[in-house]
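Asks: One letter stands for each residue in the lines below.
Protein chains: 4
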Amino acid sequence: MDEDPTALVRRINASAEFNRWCGFDVVSCAPGAVELAMPWRKEAGQYAGFLHAGLVGALIDTACGFAAATLVGPRLLAAHFSVNCLRPAAGQRFLARARVVKPGRQQVFTACELYAIEDGVEKLVATGETLLTVLAKEA
Amino acid sequence: MDEDPTALVRRINASAEFNRWCGFDVVSCAPGAVELAMPWRKEAGQYAGFLHAGLVGALIDTACGFAAATLVGPRLLAAHFSVNCLRPAAGQRFLARARVVKPGRQQVFTACELYAIEDGVEKLVATGETLLTVLAKEA
Amino acid sequence: MDEDPTALVRRINASAEFNRWCGFDVVSCAPGAVELAMPWRKEAGQYAGFLHAGLVGALIDTACGFAAATLVGPRLLAAHFSVNCLRPAAGQRFLARARVVKPGRQQVFTACELYAIEDGVEKLVATGETLLTVLAKEA
Amino acid sequence: MDEDPTALVRRINASAEFNRWCGFDVVSCAPGAVELAMPWRKEAGQYAGFLHAGLVGALIDTACGFAAATLVGPRLLAAHFSVNCLRPAAGQRFLARARVVKPGRQQVFTACELYAIEDGVEKLVATGETLLTVLAKEA
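Residue numbers (this note's numbering), protein chains in the order written: chain A, 309 to 447; chain B, 309 to 447; chain C, 309 to 447; chain D, 309 to 447.
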């Protein structure tokens, strides 16, 4: 991988329309670990006004993919992801902390915690994991 | 449950800001089975222009929740959901077909297939499942 | 793949010590679909005398792997599997019906239903899925 | 819960036939955290001689259930569990370290790491999680 991992992750994030709509912000980026934040906006709410489970999943899946990309580059596809909804996701801002659990030549296992932040206080609201496939080089 | 299940599901769908932004449309609704559609829009894209995995998850999780609500009413919370990304989600429209696998007093197991539709042709692009908790009545 | 799929699956099943201890029996085998049975034995019980969740998972994971092997051969590893425990698994015999949802060059998505059989009556007791990685050929 | 959590967990472990066959041993037990070990035996092998994925799942699911029981007592059922197979599970002994991620009145979220031990060296071979339902008191 020639490109600097932080530059790579920021470039992918900027190139995705949905990430821009969400306001996804790459807060930190180290080998195998990424923090991704999103501000609350009312268009992101489910029926009771909490962050929609789809956006909980979007934050987790995206942060996991970025964490994997810091180690193996951009030729990755999410094959499977799962989300545990621990508490209602209510806050002014949301922060996903993703890490690579096990990198590999063909696949990368990742995990993530999602925090809601209200008046500076972090609360764990969801956990999740993503299994990514490393795309084979074209023959 | 006093309210008609279709009316209930349409009312919940209309009351969620994110569902409205996505353009989620309840196409059909029967006891234990719901079809939920979403038109493509470019703000829904990931970096390569396919439907973002977060929205794949949002369609699956929402359709599963609605299918459960047709049987047990609105006092439900998603505890866990998972998504298998089978193919790139590219199409003019997306259709989630969710069904209840096993209803229960304390929890409801559901499953879902997500199809991309291009020029009238359906293609299976993802599968997923959601485990919902039936909220206990207040004492 | 030179070997007949049924012969391949039966050969793998016979070569695994744990499968023999469990009494796993390949009941049927078609391209992309396998049925695997196990008789009840009391050493297979959890504390309440039902089939142990680990054996529910073993039946599902094994049947899914066999279904995948009928299409892509034996060079496979399970990367992820999950199990939904719908009902207590009580019966004289258990039957896992697994199918390939989406085969691929690098990975195979599968799904499975597990039935308990008592006096000839089948009852769905669990569902599950396995994501398998196709091992790359050695260079 | 009147019974001491360690005594409770050891009692459940001793009462399950499959746990005894596996040789499951409760190594440590604290509020919300349990370590469960199993010695290798050749009857536990899959076709290549590694620990069978079903037993990987059995260790994870059982350790997670015990961790939950230390906080909420024995009235628990596993609703969903999942396993990530990171590396071939080869060793003289296996150790599952489970912890409660979020306890609740109706459900308990848990997570687990599974280590293979060879000549005193621990290697992470799998991760997993279990979502347990707290059974409602009979009316």
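Note that these hints are calculated values from the structure, not bench results.
These figures come from a predicted structure and were not determined experimentally.
Some hints here could point you the wrong way.
Chain copies aren't distinguished; within one or between two, either way the pair holds.
Dumping the calculated DSS-like pairs for lysine-lysine here, alpha-carbon to alpha-carbon at most 27 angstroms [as the list claims (entries may be wrong)]: (1) K431 to K445; (2) K445 to K410; (3) K350 to K431.
Asks: Which numbered hints does this structure break?
Replies: Nothing - there is no hint that the structure violates, so all of them hold.
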